[in-house]
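Heads up: the sequence lines are chains L and Y, in that order.
If you want our numbering, it's the 1-based position in the first sequence plus 3.
If you want our numbering, it's the 1-based position in the second sequence plus 3.
Treat the hints as calculated values from the structure; they're not laboratory data.
There could be a bad hint or two in this list.
No distinction is drawn between identical chains; accordingly, a pair holds when it is met within one copy or between any pair of copies.
[Said to hold, decoys possible] Pairs of lysine to any residue residues, derived as SDA-like cross-links and limited to a Cα-Cα distance of at most 20 angstroms, are as follows:
id	residue 1	residue 2
1	Lys-658	His-638
2	Lys-493	Glu-591
3	Lys-828	Gln-815
4	Lys-727	Glu-801
5	Lys-66	Val-153
6	Lys-488	Val-662
7	Lys-493	Val-662
8	Lys-490	Val-662
9	Lys-502	Glu-421
10	Lys-553	Ile-705
11	Lys-740	Cys-700
12	Lys-658	Arg-438
13	Lys-415	Gln-811
14	Lys-491	Ala-663
15	Lys-174	Val-164
16	Lys-659	Arg-438
17	Lys-131	Ala-93
18	Lys-364	His-324
19	Lys-491	Val-662
20	Lys-659	Asn-495
21	Lys-490	Ala-663
The structure displayed is predicted, hence computed values, not measured ones.
Number of protein chains: 2
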Amino acid sequence: MAKKHKRIYYFGKTKTDARGVSKSIVGGKGLNLAEMTSIGLPVPPGFTITTEVCAAYYENGKKLPEGLIDEVKKTVRILERELGKKFGDANNPLLVSVRSGAAVSMPGMMNTILNLGLNDVATEGLAKATNNDRFAYDAYRRLINMFGDVVMGIEHHEFEVAFDKVKAKYKVKDDTEVPAEGLKELCEAYKAVYKKHTGQNFPEDPIVQLALSIEAVFGSWNTDRAVKYREIEGIRNLLGTAVNVQAMVYGNMGEDSGTGVAFTRDPNTGQNKFYGEFLVNAQGEDVVAGIRTPQPVADMPKWNRAIHKELLGVKKTLEDHYAEMQDIEFTIERGKLYMLQTRSGKRTGLAAVKIACDLVKEKLIDEKEAVLRVPPNALTQLLLPSFNAAARGKANVLCSGINASPGAAVGKLAFTAEEARERKDAGESIILVRRETSPEDVDGMSAAVGILTSTGGATSHAAVVARGWGKCCVAGAGDVQIDEKAKKIKVNGKTLGAKDIISLDGTTGEVMLGAVETQDPKLSGDFAKLMKWADKYRTMAVRTNADSPKDSKKARDFGAEGIGLCRTEHMFFEPDRIIHMRAMILAEDEPTRRAALKKLLPFQRKDFEGIFKAMNDLPVTVRLLDPPLHEFLPHEPAAQKEMANELGCKPADIKKRSVALHEANPMLGHRGCRLSITYPEILEMQVQAITEAAIRCAAKKIKARPEIMIPLVGTFKELSLLRKQVEATIAATKAAKKFTGKLDISIGTMIEIPRAALTADEVAEHADFFSFGTNDLTQMTFGYSRDDVGGFLPDYIEQDILEVDPFQALDQTGVGQLVEMGVQKGRSTKKDLKVGICGEHGGEPSSVDFCHRVGLNYVSCSPFRVPIARLAAAQAAIQNG
Amino acid sequence: MAKKHKRIYYFGKTKTDARGVSKSIVGGKGLNLAEMTSIGLPVPPGFTITTEVCAAYYENGKKLPEGLIDEVKKTVRILERELGKKFGDANNPLLVSVRSGAAVSMPGMMNTILNLGLNDVATEGLAKATNNDRFAYDAYRRLINMFGDVVMGIEHHEFEVAFDKVKAKYKVKDDTEVPAEGLKELCEAYKAVYKKHTGQNFPEDPIVQLALSIEAVFGSWNTDRAVKYREIEGIRNLLGTAVNVQAMVYGNMGEDSGTGVAFTRDPNTGQNKFYGEFLVNAQGEDVVAGIRTPQPVADMPKWNRAIHKELLGVKKTLEDHYAEMQDIEFTIERGKLYMLQTRSGKRTGLAAVKIACDLVKEKLIDEKEAVLRVPPNALTQLLLPSFNAAARGKANVLCSGINASPGAAVGKLAFTAEEARERKDAGESIILVRRETSPEDVDGMSAAVGILTSTGGATSHAAVVARGWGKCCVAGAGDVQIDEKAKKIKVNGKTLGAKDIISLDGTTGEVMLGAVETQDPKLSGDFAKLMKWADKYRTMAVRTNADSPKDSKKARDFGAEGIGLCRTEHMFFEPDRIIHMRAMILAEDEPTRRAALKKLLPFQRKDFEGIFKAMNDLPVTVRLLDPPLHEFLPHEPAAQKEMANELGCKPADIKKRSVALHEANPMLGHRGCRLSITYPEILEMQVQAITEAAIRCAAKKIKARPEIMIPLVGTFKELSLLRKQVEATIAATKAAKKFTGKLDISIGTMIEIPRAALTADEVAEHADFFSFGTNDLTQMTFGYSRDDVGGFLPDYIEQDILEVDPFQALDQTGVGQLVEMGVQKGRSTKKDLKVGICGEHGGEPSSVDFCHRVGLNYVSCSPFRVPIARLAAAQAAIQNG
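Put together the whole structure using the sequences plus the hints.
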């Protein structure tokens, strides 16, 4: 703040001196108005009182600093001269608007005051100048109301009562039906309300009106609402708000007037054509209110060819200046165009990609800038089916859940995995509805077009599996009551059955009744171009989480540079495998366990061989068995009986084993490397399968690069012990297969237990690599079970205790501290330790940015998020230098 | 290592120069021998080769450093001169023992070699000198065997075979029956074995024997076993082992010889009287082997009054020197006393306290030293019933579990809480046996003398409740299969029913068949004296975890200086309360919930009033409701039906609510402050009850000092929000009660979520105090569910992955890092933030020491551990300065 600033910055034809002054001094709106003015756009002139004055106002005990009003008066004179109008003039009065405007857009601060400058005399003057009594008195009564309400704190209701009396007198219903005479009476009534509640007359002096309004704007900086907003958003170090005083223009001054909003390019497709709508003889609020139907700007030449041409010029000027598609507001007052607002325009993912590429072609931006211009998540729309916007807008929303996996799905309800498979095979499009899904449901999930669960969150089983497949999923829709037996759901009073169709919006989490029209994704050449640029600038690698050759191939097509997480447990759920898995679990001694594992070995080997082939010459991180064994046993008596038949034992044996394995908190139970400690033979089978698969690949000239990852390590001793076992098994397998070549196998661990991060220096001594399992790390750092978080997380988000679901975006403050500590401590032991992330956060842009900043080597995410992660990684590299 | 050391230190009458040399140079044994010699005790002379020589041996490529053997020879000459004996002498040969001895006692290193110096000539000499052929050849054959085995690595079995042949020849069974002639032949046979396996003759030159033995000792420093032992124990920075060479003495040279072990005071009672036993004409190993029954030392005057008197002198010399009760070994060779060993003697808790106090009285130590002399956990024996040692030794141990709460309990088995209560009321002594206990079992646990569970660990519900009451508990005894219906348990093949008696040793975790005799605790005046000293020197306060006025009073009697954790949930389980609690949980809207809570209010207020009264003028930390609501609902259909009857609703409603509240991982679910966020009315009721109780106390001149603790905070926003609610409720309650005085109520939080520790700087802004909940913090930092840890923790301990159960002793490396971070970050925000610990670790000495070192203000533990914590805190203060 060393630089000396003026207190008031003027913008207009006379002079514009706020350009280049920081947003922190003149606010966002002030800078924008100055900027537009300075590039020659027809902006109604005015001036900005700086945020430093606001700070001075507070330092001064909530009084305007000395001399300010004199300076305001002088500036008003300049404005009067430029416009040829005068404050309070009986013929051509100057009217202004007063608005707040801090450096950051901030709801909760003061509303706008319009028509400031009117008083009894000026209103007559306005009536004369516009030749419209009704218009003038309507403007006046609005000023008294707004001023009374916003500046003096009179309840809006008080004015309503007065208005109702006038309407009753004239026997009309709508405000607009009150004649000019009635509005004149209303102004008097409003002044009486004003006097009654303030004890003073409504200030006739426009300068007094202005001074009070400026104070009110400054005062609104510290209302409870504004303070709380800043607190929640973490907005700090702002001086205060600026005040913008700007000449009024009116689009409702007759058929030669009008108002409109437009985009400089099509926000849906990105096509370079002027796109928007306008209304003749109307104010801006009429366009927004939607009472009258506006016309497309393409039709404007029929109404006023010159203005249309001028607007096309404005479009070019703005795009040349901002090098970005703009969203503008304009008003035409008696045939003259005024620009009121311009800002970067919102657009679809498709448009974002096209516009970014086009702007490069037009030499307005460079490749790096283009990469920064596309929000990574917007790519989802290019990769997954979406709803037709119009149809979506009219859809009947039944309820909302968590937007667990994006996309659009339409289908009939099925209530079990078997049913979903059968009906899908019979040709139906199916939405699988479950309380929560488990590995047993995987086949039914695969058969369904979308998945709906009533419990669980963004990292529940359903969500993780669905995202992996790019399949739409709404999770934890608590309003859905499922009656599996009756094959019915109840949702907010409606009952739906197997024949009913619903539509799921995985992007918003909404559930809709009936079939909403969808559209398929289209991948353009622009998309490929943008991805090429992203790959050019990013420094982090992007891998994928994939458990099958099919998923691996898909991810590689999406640009994955290896597998960051291959979960081996999913491989055991197919019917010809699960039986051996279960036999293994039921085994009472090691030899029996080994016999069952021997039968699983060929399956595992085949899976790995396929995956290594799909990922030829790319690293594949294989996580050894992770879930607790009870997850593989059936819990229902019927299923237990069936299993007993298959295995040739008693259902009671299965129940007994199931009870013995039961855990109060399986998340914190006997799983991960703890299984390998008690049952080393499971680890041996898996490592043998990996090694044999790698040997087979070698024979086929396929370069397998497995990275064996030991999960859930909490102390270095677990890793040192198991590492030795892995090494011994690799050596034994090579010897048994008489393989004498070199295999590229490394051994590392997942950092997902807080203690592993805290002691990463010790752990790193035994690890070739680290991979942060931020799902579990988040669970344990917060103490949130991701399966149960639905019980309170919505309240937490609603009450602003959490800004986002920490399972969706990495909590950089808490969990991130452990990640950073893990990286630093790990590399303090091994300077070049390879470190990645394989939690669900690996495909979330803000988390990818964090990963870049703490120095990870790669992120890994589900196949469909690979392009998103590539783009996010590029943005992180460009933004963080 | 700047100081230049000798390579060999002699001890004997000639000279003793190792005194004052560091243990790290001469080893523990070497220093001890030098020390005893230097204070004039009759120690067989000898010398110590330093650890530096060991290091040099390894540096030298496993060769003895140059000139060492020459130096050894010279030192042997000194020894020969002092004793008037000669190596290999045909009339009076010098015999020595060779032993390893590092700075730290270390199993896994070399065994002792005895009788070194014997060869064919010297054996004849020994036979002459002792006039005992058999004795001499027995010594010789032992040397060849030991030397062959220990130094040359010949399997012991090889010698056995040769011995068996000789025994067969002489047709005897026992070694001792072989005549001198046979032993002579055996020596020849042993030499043949030696030659066969080493290819060399047994070395006749004593110096060669000695040189090889010294190398063998050095070599044993780096055997796998020794290396692994040091690795596990974290023993680092040692140079190597020293070698001790010492003249042999024999207690088996006739009726004027003997050997014994003794304590300088009674190790059971601490009484200052010489205590021990001896055997005439025997070697030390005979006393240990227990073949002959030794006589008490009190009877020694009958055998040799002079020696007894000399021993009493030794006792005084040793105690004056070491200022500590000693455990000694001695041998009398032909009427001459030799001291072989002295060390600090093991003793009971009772003895430890008495000896410490007596030594102060005798001016041998000061108060601080006395405080350090008693292991805090030894106090348990003074506070709880224990088994009669003799009876305990003979007990039939059925199985082992986790030593969850110390003490001794004997009773008949009961299988449900109701049964336990009924039979106890009918006069039986009951052991309650449950798979695991839940709050519903509390009344039955209270009725039982001891608790046995088959799952769960040291911080399971059963363990925590039992410890709080000082009641014996063995938890997680996995071998116990409970059939609740049949009222039977199966334990390792035995089946026991309701009429069978078992005994539980809560100190070791063992379960014994039948009634083992117990003894009641006795509190002596010495105990009070020691506690007074402890309180004088400690700087940390000691509070207690107590939930009732009764426990509070008990804890105060034990010296508690307030309550560090008052759990409020236990208060809801009594029959007249649980019904309202359940009605609250079943309520579908806030008004119904409030109505039920209103009925709970008077109960809570009464509890708090009682506790505040018992803790008059001491702080009472009240934790707001913590467990998930489903813990309060019955899970069995019968109980659900009963509850439905009581509440006048349908069992289906209860089942439905129970299902809705079910959580996959309740530990990480909707509990702690998360309940207050969703149901603020629960918090309001509790705070209102606390405030009203404090107001009532004020009227009775009782000074209530409640500290309201908000549990499970993970982000500062939870605390800032709830703090405001607590403050508002206090204010509203004061207003409603028209109380205008000052209440001493503070508001803080439990730090038990890793994220709270990581962000303690933010959390501290809203907290008056922190209390570390290290139970949950351990669960989340390790990712261990304390209810399920029994599935793998035993394997972890057995395989040395963990040294101790982290729920018993705080894991200083991992969890401790978070505690330290929490303290530092918290105090970086609030310099004087009061910080305590209320996890189960608060009463565990090594954890208390840690708490002292990181600067906690207090520890809190169950009432029976308060004296232990007081003593541990004093030791921490004294040791850490």
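Going through the hints against the structure:
1. In the homo-oligomer, the alpha carbons of Lys-658 and His-638 lie at most 20 angstroms apart both inside one protomer (8 angstroms) and across protomers (19 angstroms), since each shortest distance falls under that limit.
2. In this assembly of identical chains, the alpha carbons of Lys-493 and Glu-591 lie at most 20 angstroms apart only when taken from different copies (18 angstroms versus 45 angstroms within one copy).
3. In this assembly of identical chains, Lys-828 and Gln-815 lie within 20 angstroms of each other by CA distance both inside one copy and across copies; the values are 18 angstroms within and 17 angstroms between.
4. Taking the closest pair of Cα atoms, Lys-727 and Glu-801 come within 20 angstroms of each other only across two copies (18 angstroms); inside a single copy the shortest separation is 49 angstroms, beyond that limit.
5. Taking the shortest alpha-carbon separations for Lys-66 and Val-153, only the intra-copy value of 18 angstroms comes in at or below 20 angstroms, while the best inter-copy value is 96 angstroms.
6. Within a single copy, Lys-488 and Val-662 get their C-alpha atoms only as close as 25 angstroms, which misses the 20 angstroms cut-off; across copies the closest is 16 angstroms, which meets it.
7. In this assembly of identical chains, the alpha carbons of Lys-493 and Val-662 lie at most 20 angstroms apart only when taken from different copies (17 angstroms versus 33 angstroms within one copy).
8. Taking the shortest alpha-carbon separations for Lys-490 and Val-662, only the inter-copy value of 19 angstroms comes in at or below 20 angstroms, while the best intra-copy value is 29 angstroms.
9. In the homo-oligomer, the alpha carbons of Lys-502 and Glu-421 lie at most 20 angstroms apart inside one protomer (16 angstroms), although the nearest pairing across protomers, at 52 angstroms, exceeds that limit.
10. For a Cα distance limit of 20 angstroms, the shortest separation of Lys-553 from Ile-705 inside one copy, 17 angstroms, qualifies, whereas the shortest one across copies, 74 angstroms, does not.
11. Within a single copy, Lys-740 and Cys-700 get their C-alpha atoms as close as 13 angstroms, which meets the 20 angstroms cut-off; across copies the closest is 81 angstroms, which misses it.
12. For the identical chains of this complex, Lys-658 and Arg-438 are inter-copy neighbours only, at 16 angstroms across copies versus 23 angstroms inside a copy, given an alpha-carbon limit of 20 angstroms.
13. In the homo-oligomer, the alpha carbons of Lys-415 and Gln-811 never lie at most 20 angstroms apart, since the shortest distance is 28 angstroms inside one protomer and 54 angstroms across protomers.
14. Proximity of Lys-491 to Ala-663 under the C-alpha cut-off of 20 angstroms is restricted to the inter-copy arrangement: shortest distance 18 angstroms between copies versus 34 angstroms within a copy.
15. For the homomeric pair Lys-174 and Val-164, the shortest alpha-carbon distance inside one copy (15 angstroms) is at most 20 angstroms, but the shortest distance between copies (128 angstroms) is not.
16. With identical chains, the CA atoms of Lys-659 and Arg-438 are at most 20 angstroms apart between copies only, with a shortest distance of 14 angstroms across copies and 26 angstroms within one.
17. Only within a single protomer do Lys-131 and Ala-93 lie at most 20 angstroms apart by alpha-carbon distance; the minimum there is 8 angstroms, versus 145 angstroms between protomers.
18. In this homomeric assembly, Lys-364 and His-324 come within 20 angstroms of each other (Cα to Cα) only inside a single copy, at 16 angstroms, whereas the closest approach across copies is 94 angstroms.
19. For the identical chains of this complex, Lys-491 and Val-662 are inter-copy neighbours only, at 18 angstroms across copies versus 31 angstroms inside a copy, given an alpha-carbon limit of 20 angstroms.
20. Taking the shortest alpha-carbon separations for Lys-659 and Asn-495, only the inter-copy value of 18 angstroms comes in at or below 20 angstroms, while the best intra-copy value is 40 angstroms.
21. Taking the shortest Cα distances, Lys-490 and Ala-663 sit within 20 angstroms of each other only across copies (19 angstroms), while inside one copy they are farther apart (33 angstroms).
Checked against the numbered hints above, the structure violates only hint 13.
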